[in-house]
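Take these sequences, add in the hints, and give me the full structure.
Here the protein sequences line up with chains E and P, keeping their order.
Here the first sequence is numbered in our numbering, starting from 1 and rising by one per residue.
Here the second sequence is numbered in our numbering, starting from 1 and rising by one per residue.
Keep in mind that the hints were calculated from the coordinates and are not lab data.
Accuracy of the hints is not assured; some may be wrong.
Partner residues aside, some chain E positions facing chain P, computed with beta carbon under 10 Å [stated by the list, open to error]:
hint, residue
1, L347
2, H353
3, S358
4, A361
5, I365
6, F369
7, R432
8, S443
9, A448
10, V548
11, W557
12, M558
13, W559
14, R562
Since this is a predicted model, take the numbers as computed values, not measurements.
In this text, a Cβ means the ideal position worked out from N, Cα and C, and glycines have one as well.
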Amino acid sequence: MAIGLLEGSYGPDGFRTCEVTGLKIHRSAEVPAKMFGLTAVVALILGGIAALLVALTRWEAVGLLQPTQFYKYLSLHAWNLLIFWMVFMEVAILYVGGPMVLGRKMPGSKLARLGWTVMVVSAVLIEYAIWTTTYPDQQPLLTSYAPLKSSPLFYLGVNTFILGTVVSALPFFACIWQEKNEHPGRTLPLVSFGAFVTGIIAVEALLGGLITYVPTFLWRIGVVGHIDASWYRQMYWIIGHGSQQINLAAMITVWYFMTHLTAGAEVVSEKVSRGAFILYLFFINLGAAHHLMADPAVSAGWRMWNTSYAMYGAVLASLIHAFAIPAGLEAGRRRRGLGGDSWFGWLKTAPWHDPGFSATALSIILFGFLGGITGVLMGQMQLNTMRHNTLAVPGHFHGTVAVGTTLAFMGLVYYVVRLLFRKEWVLDRLARLQPYLYGIAMSIAAMAMMEAGIVYGVPRRDPITTSIPGTSFSFSAASPMLEVLGIAASVAVLAGAIFVLVTVASLLFGEEAEARVPVPLAIERSDRSVHGFSMRGTLAMGLFFLVVFALFYGMDWMWLSRLWTFGT
Amino acid sequence: MDERSDEGRAGGVGPVVEDNGPWFAVFVVVIVILFATAGAAVVHSLLATFG
Numbered sequence: 001m002a003i004g005l006l007e008g009s010y011g012p013d014g015f016r017t018c019e020v021t022g023l024k025i026h027r028s029a030e031v032p033a034k035m036f037g038l039t040a041v042v043a044l045i046l047g048g049i050a051a052l053l054v055a056l057t058r059w060e061a062v063g064l065l066q067p068t069q070f071y072k073y074l075s076l077h078a079w080n081l082l083i084f085w086m087v088f089m090e091v092a093i094l095y096v097g098g099p100m101v102l103g104r105k106m107p108g109s110k111l112a113r114l115g116w117t118v119m120v121v122s123a124v125l126i127e128y129a130i131w132t133t134t135y136p137d138q139q140p141l142l143t144s145y146a147p148l149k150s151s152p153l154f155y156l157g158v159n160t161f162i163l164g165t166v167v168s169a170l171p172f173f174a175c176i177w178q179e180k181n182e183h184p185g186r187t188l189p190l191v192s193f194g195a196f197v198t199g200i201i202a203v204e205a206l207l208g209g210l211i212t213y214v215p216t217f218l219w220r221i222g223v224v225g226h227i228d229a230s231w232y233r234q235m236y237w238i239i240g241h242g243s244q245q246i247n248l249a250a251m252i253t254v255w256y257f258m259t260h261l262t263a264g265a266e267v268v269s270e271k272v273s274r275g276a277f278i279l280y281l282f283f284i285n286l287g288a289a290h291h292l293m294a295d296p297a298v299s300a301g302w303r304m305w306n307t308s309y310a311m312y313g314a315v316l317a318s319l320i321h322a323f324a325i326p327a328g329l330e331a332g333r334r335r336r337g338l339g340g341d342s343w344f345g346w347l348k349t350a351p352w353h354d355p356g357f358s359a360t361a362l363s364i365i366l367f368g369f370l371g372g373i374t375g376v377l378m379g380q381m382q383l384n385t386m387r388h389n390t391l392a393v394p395g396h397f398h399g400t401v402a403v404g405t406t407l408a409f410m411g412l413v414y415y416v417v418r419l420l421f422r423k424e425w426v427l428d429r430l431a432r433l434q435p436y437l438y439g440i441a442m443s444i445a446a447m448a449m450m451e452a453g454i455v456y457g458v459p460r461r462d463p464i465t466t467s468i469p470g471t472s473f474s475f476s477a478a479s480p481m482l483e484v485l486g487i488a489a490s491v492a493v494l495a496g497a498i499f500v501l502v503t504v505a506s507l508l509f510g511e512e513a514e515a516r517v518p519v520p521l522a523i524e525r526s527d528r529s530v531h532g533f534s535m536r537g538t539l540a541m542g543l544f545f546l547v548v549f550a551l552f553y554g555m556d557w558m559w560l561s562r563l564w565t566f567g568t
Numbered sequence: 001m002d003e004r005s006d007e008g009r010a011g012g013v014g015p016v017v018e019d020n021g022p023w024f025a026v027f028v029v030v031i032v033i034l035f036a037t038a039g040a041a042v043v044h045s046l047l048a049t050f051g
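Structure below.
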């Protein structure tokens with residue numbers, strides 16, 4: 001069955017033409033893309049199960065897991081969802097954004113299969129290492145901070161996983177190389193360009209990972225006698241945060257792709273959007289420094305330069321994309337006559353019944369308000385002191401990778417099922433409901449974490465905070481927030497389970513997909529340039545976003561001023 | 001040039017409304033609930049600060 005799912009009908013030259021997108025797709029790219037996509041969903045299932053157990057422990061009235069078990073499942077949750085689900089999806093996105101969008105055969109597709117094999121074996125090794133870790137070894141969580149020692153198999157698995165990812169990315173880069181060699185004057189399509197930038201950021205992060213984890217592995221097996229903990233922290237965050245910047249760049253590439261495919265969006269300014277991607281290239285990884293805001297090993301000047309100055313280059317890029325994508329949606333739909341000429345008719349008539357679109361649109365909105373604003377706030381040295389190591393930090397990154405990246409990838413997977421596997425969705429109504437259910441539940445869970453962290457200072461990574469053994473001090477006042485977190489996270493896991501149910505059932509039992517071009521793409525466009533159409537609805541929403549941004553920025557400074565007086 | 005009249009004539013097909021059923025309303029409800037939740041969180045934070 002699995003092998004059957006990977007195969008398709010191709011011409012003698014190995015190509016087929018997608019009836020919906022018109023893309024020429026070669027078997028050498030499509031089969032590996034399906035392999036990586038399916039593997040990602042397996043990681044999503046494992047990480048989702050662990051998420052439920054973690055949430056029902058942090059909801060301390062339930063208190064499901066003992067501390068030793070809590071850290072095991074927290075490690076499994078982090079590695080499956082922050083790393084495996086994301087990275088397998090991102091390699092698939094490289095194959096879509098490269099050979100598929102460019103209509104090319106993928107060179108070195110055997111390398112893709114080799115890379116996939118190494119990544120899967122490594123992921124199993126990491127899962128096994130986490131599962132079997134016993135004292136005196138420590139659970140690695142995501143950071144595996146030295147000098148705490150984890151299982152040697154864990155470090156080995158991380159190194160080989162990184163190598164496997166590099167090998168998997170090579171066919172994509174070779175494809176771009178061939179394209180530019182054959183057509184030196186031709187500009188890459190924006191989606192390919194975004195995937196290319198994602199790939200470069202990935203290489204930087206992966207090299208940082210090898211610089212970190214090879215010496216750490218040698219230290220763990222006794223070849224190297226000492227590892228400097230401050231050196232480890234600084235090196236680790238090249239991949240620790242770099243891997244999340246891959247998520248960001250890949251997610252934005254998916255936003256451009258999906259808003260066009262499902263709702264007829266256009267790129268209003270290629271130069272501006274490409275410029276924003278290039279800003280990411282130069283500035284986004286400097287944002288990793290915000291993890292070291294309270295680190296005594298680096299100077300205050302270093303921290304300020306990397307976060308409060310250089311990082312704003314990346315923030316500017318995000319703000320550009322945040323305007324460019326809805327503006328492209330508005331102008332593109334107006335150009336097709338969709339929604340009349342009112343301020344928001346283009347939005348009201350958008351395909352909200354299509355989970356590919358609703359997941360993408362919710363991802364854009366929720367990422368901006370929850371992940372984006374809080375990311376800028378906690379990325380500033382002074383404001384960071386209020387949130388550092390509190391539950392507000394997971395609140396922030398669930399606003400980026402859970403309601404942002406994961407929701408965007410879910411929307412993409414719905415279309416991968418139809419366009420690559422060519423299966424109709426089964427349980428159609430559940431599919432339509434799922435992005436809304438996941439979006440609202442995960443957003444409320446993220447806000448509950450932020451509130452518990454900012455207002456009460458509840459620590460992250462701690463299963464017991466309301467009745468701490470050996471002390472009368474407790475965070476019990478925050479219990480209602482932890483209850484909201486537990487309930488909302490459980491609903492979000494349910495929504496994740498619905499996603500898995502719909503996609504897996506569609507693959508196994510779905511009928512062969514009909515070649516239905518989405519309505520917006522089937523409508524002829526006006527001859528007028530896209531620049532000639534109003535984007536006033538997006539401007540209004542953008543101004544609203546900036547007002548909210550300014551309000552939260554001001555309130556954070558107000559709260560900071562009331563905490564304590566520095567230096568006295 | 002009046003862009004609005006041109007929008008209405010885009011592609012010669014006139015304004016088209018894709019039937020998205022009740023799902024735009026669902027979207028609006030979700031957004032209202034989330035902003036109300038965020039607003040309640042802010043009020044709660046302010047009460048904790050000044051109350």
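Hint check results:
Because the closest C-beta pair between L347 (chain E) and chain P is about 8 Å apart, less than 10 Å, the hint holds. Restraint check, H353 (chain E) versus chain P: the minimum CB separation of about 4 Å is within 10 Å; hint holds. Here the hint on S358 (chain E) is kept, as its CB sits about 7 Å from the closest CB of chain P, short of 10 Å. For the restraint placing A361 (chain E) at the interface with chain P, the shortest Cβ-Cβ distance is roughly 8 Å, inside the 10 Å limit, so the hint holds.
Nearest Cβ of chain P to the Cβ of I365 (chain E): about 7 Å, under the 10 Å cut. The hint holds. Interface hint at F369 (chain E): satisfied, since its Cβ lies 8 Å from the closest Cβ of chain P, which is below the 10 Å cut-off. Because the beta carbon of R432 (chain E) sits about 7 Å from the nearest beta carbon in chain P, less than 10 Å, this interface hint is met. For the restraint placing S443 (chain E) at the interface with chain P, the shortest Cβ-Cβ distance is roughly 5 Å, inside the 10 Å limit, so the hint holds.
Checking A448 (chain E) against chain P: minimum C-beta separation of about 8 Å stays under 10 Å; hint holds. Interface hint at V548 (chain E): satisfied, since its Cβ lies 9 Å from the closest Cβ of chain P, which is below the 10 Å cut-off. Residue-level restraint check for W557 (chain E) is violated (minimum Cβ-Cβ distance to chain P is 13 Å; threshold 10 Å). Below 10 Å, beta-carbon pairs count as interface contacts, and M558 (chain E) has one with chain P at about 8 Å; its hint therefore holds.
For W559 (chain E), the suggested interface contact is upheld, since its CB lies about 6 Å from the closest CB of chain P, less than 10 Å. The restraint placing R562 (chain E) at the interface with chain P holds, with a minimum CB-CB distance near 6 Å, inside the 10 Å limit.
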